[in-house]
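Just need the whole structure built from these sequences, with the hints factored in.
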Amino acid sequence: MTVTSLGIPRRLLEFTIDGQSVRAPEGSTILDACRSAGKDVPTLCQGDTLTPKNACRVCVVEVEGARTLVPACSRKAEAGMEVRTDTERARHSRKVVLELLASSVDLSTTPEVAGWLKEYEAKPDRFGPDAARVDEQPRIDNDLYVRDYDKCILCYKCVDACGDQWQNTFAISVTGRGFDARIAVEHDGPLTDSACVYCGNCIEVCPTGALSFKSEFDMRAAGTWDESAQTGTTTVCAYCGVGCNLTLHVQDNEIVKVTSPHDNPVTHGNLCIKGRFGYQHVQNRD
Amino acid sequence: MDLHFGDSKPTDEERAAIDTLLGPPESSWEGADRSDADLRWARGGRAARERRDLLLPGLHAVHDRIGWISEGALDYLCRRLTVPPAEAYGVATFYAMFSVKPRPATVLHVCTDLACAAAGASELCAGVEARLGLGSGVSVERSPCLGLCERAPAALAVKAGDPVRTAVSAPATVERAVLAASAPDSAPEEPPAALAVPQAGDPSLTLLGRVGVVDPASLDDYRAHGGYTALRQAFALGPAGVIREVTDAGLVGRGGAAFPTGRKWQATASQPGHPHYLVCNADESEPGTFKDRVVMEGDPYSLVEAMTIAAYAVGAHRGYLYLRGEYPRALRRMEHAIGQARARGLLGDDVLGQGYAFDIEIRRGAGAYICGEETALFNSIEGYRGEPRSKPPFPVEKGLFGRPTAENNVETLVNVLPILTMGAPAYAATGTGGSTGPKLFCVSGSVDRPGIYELPFGATLGELLELAGVRERLRAVLLGGAAGGFVRPDELDIPLTFEGTRAAGTTLGSGVVLAFDDTVPLPRLLLRIAEFFRDESCGQCVPCRVGTVRQEEALHRIVERTGADAAADITLLREVGRAMKDASICGLGQTAWNAVESAIDRLGAYE
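Chains as they are written, first to last, in the working numbering: chain V, 1 to 286; chain R, 1001 to 1607.
One should not assume that every hint holds.
To be verified - Dumping the calculated DSS-like pairs for lysine-lysine here, alpha-carbon to alpha-carbon at most 27 Å: (1) V:LYS76 to V:LYS95; (2) V:LYS123 to V:LYS76; (3) V:LYS39 to R:LYS1391; (4) R:LYS1009 to R:LYS1101; (5) V:LYS39 to V:LYS95; (6) R:LYS1391 to V:LYS76; (7) V:LYS118 to V:LYS95; (8) R:LYS1398 to V:LYS76; (9) V:LYS118 to V:LYS39; (10) V:LYS95 to R:LYS1391; (11) V:LYS274 to V:LYS214; (12) V:LYS123 to V:LYS39.
Treat the hints as calculated values from the structure; they're not laboratory data.
Below is the structure:
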């Protein structure tokens, strides 16, 4: 039986979203409230297991009385607030932000973004062929995972997951600044010289595929990655007694990557190196 | 936290630089030789992590001594402070003045920003680079505004060593800049701060009254000129009384946002969480701004006194003075003034014998405009990357170290002295109803007498420019610096008040007035503004990180074009600018398009 903590009872706040009156528990974000009201606001950097960093600014909404737009993912709902999610102003910012991102990094493996580009009529090409891009080669320095910063939107989720929010290894951080800011380990060296413990929790939270299993990266390069042909089976990790849940992604009878369900109350999607990467023995057919 | 350190070892000199700041290490856990005791206990943990805020001073210590930060030095510093090396590397690479790659011990920063660009910075750069080529032992760096606009063009030489040597050359010629870089010790002394105040000695001055009159090194001289009467008055009124006076005086912040100071102090003072902090923002990096430098260089004790009063009002016992890294003389003067005040019981456990404890710590910035944003400044002091935090929560509730914090800039704080000595009603009688008191303006560019001017709020732009000796053929005036806006020469009757500039569709910002005559190529100037924002964006949010790049690209494309040829790119600029203004996390991204927009709309820059 799964025990879900209900927490202490929370007061309900009343406010409006797009003119419609809604109620949400105190402490909810605008995004939480929107989702419970059946309205989704697009977001790239928000993660269900992490404190929002509100860096991508795709989820901005209009709040009556606020000088600028506010990020729905992190702004707490307040009683009496008047939120508008789909105004011309908010749509304009979302469109431009999507254009800015899509013109500077490779979003081809970012779920949902193709649909949003279409929905907001974003035209990333309009900045011209000479528009600066991140333009980085994938860093392949170990057999477990690949860092492809050409796909990185600097959402800070990997930094937070590696740092004080989950893993407490603090192997990665943002370096440099402005357009030259990058995710890197200490001294910008190879992963193998760093404090990384290869738990892969950064891959788990990466929204764009900038961090991926080497197995997935190689298959994509070979053109054999086919998500529609994959099955996911959730099981229990056999390495130790904690009982973490693993979801084995299987294609053509081979495990191609391992994730972990975020709604598991013990691990919230986190694993260690063995659970995440130690699956070869399962398919050792000798 | 299980920290992992590489094999890199610090050199003896790097180790000494860090140990001078932190004291010798006590155990092998933090870099000393292993002793028997180390087998039985681990030093570190919470006690060491609580010193994280010494990371920036530690990076400075290494940089001052060596000139760059090696892997070994960074790892050793991390070991001493229990900071993960990846995070420290992220911090070290955030600041423009630090290098994590080997470079010569001497760096010559040549300002290429607005006032200096108009005064021939590019020729200066080219000349200096020709003279100080490879093998000269000097690295020449193009720098954003050095805050020496009244003496443009300017250069700052920093020679690493023990102690670090600095020399300023302004107005700089190739000869003088090369001399400053090659022999900083024998470079001529900078002119006194009072030379930056054309009105110096005028008895009607309130904020600048002591600049050029008192000896900035002498506490006695400061007291002989009315120093510390305001603090005595503050003790007589009590904290609530001080806040009431400041509120009644109508003082609003002079940093650009114009928030009522009394309300900020009241909100901080009434917070139940403790301790409370006071932070003085002396990181003025807005191109064209140099007033805080002149106050700190010319009248340093006034800031010590004003910080003491502010801290007393908000219930803080510790204040941080965040001083920009490009101001070596202001740093020396403030260090001296704070030391003297401490020695004489004006700071410390028992200020003026009133039983009130307060002390000031100076924190030096390292080249990052964004650290002037109040929450980025907190992160910088705390030893994190200088990225702004999202608000709410506001600093009065959760500021420095997560505690209630009042943050004011230098000019705002020194206004508190006349409020207390002359009383709120007399102070409020100066200026206009909506903008009370005197205001400092930094006038530079195409004027005969550039410098800091003090005028009561309400004087017009034309009157100010008249004082500074505006030249013929004025083409444009930039109000409020790079984050401000341009006005035309036929708009000189704009009253210099918050409400007056707002009504005219522009901003007073931090009080920058940069005049440009028609010899200055406007598109180049706009390009420089765009470059500035692209360089200074912290990179945290997308609209600013990428938007500033796209803005610069578009301006590059249209630098030689006008009319229909530029129309498509101007549309693009408007759309990107609007999103930056609406969706960026902080003021940097929100204002990065202002000056360019005003140049297009008010000056017809590309018509």
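If you test the structure against every hint from before, which numbers come out violated? Going through the list in order, the structure violates hint 2 alone and respects the others.
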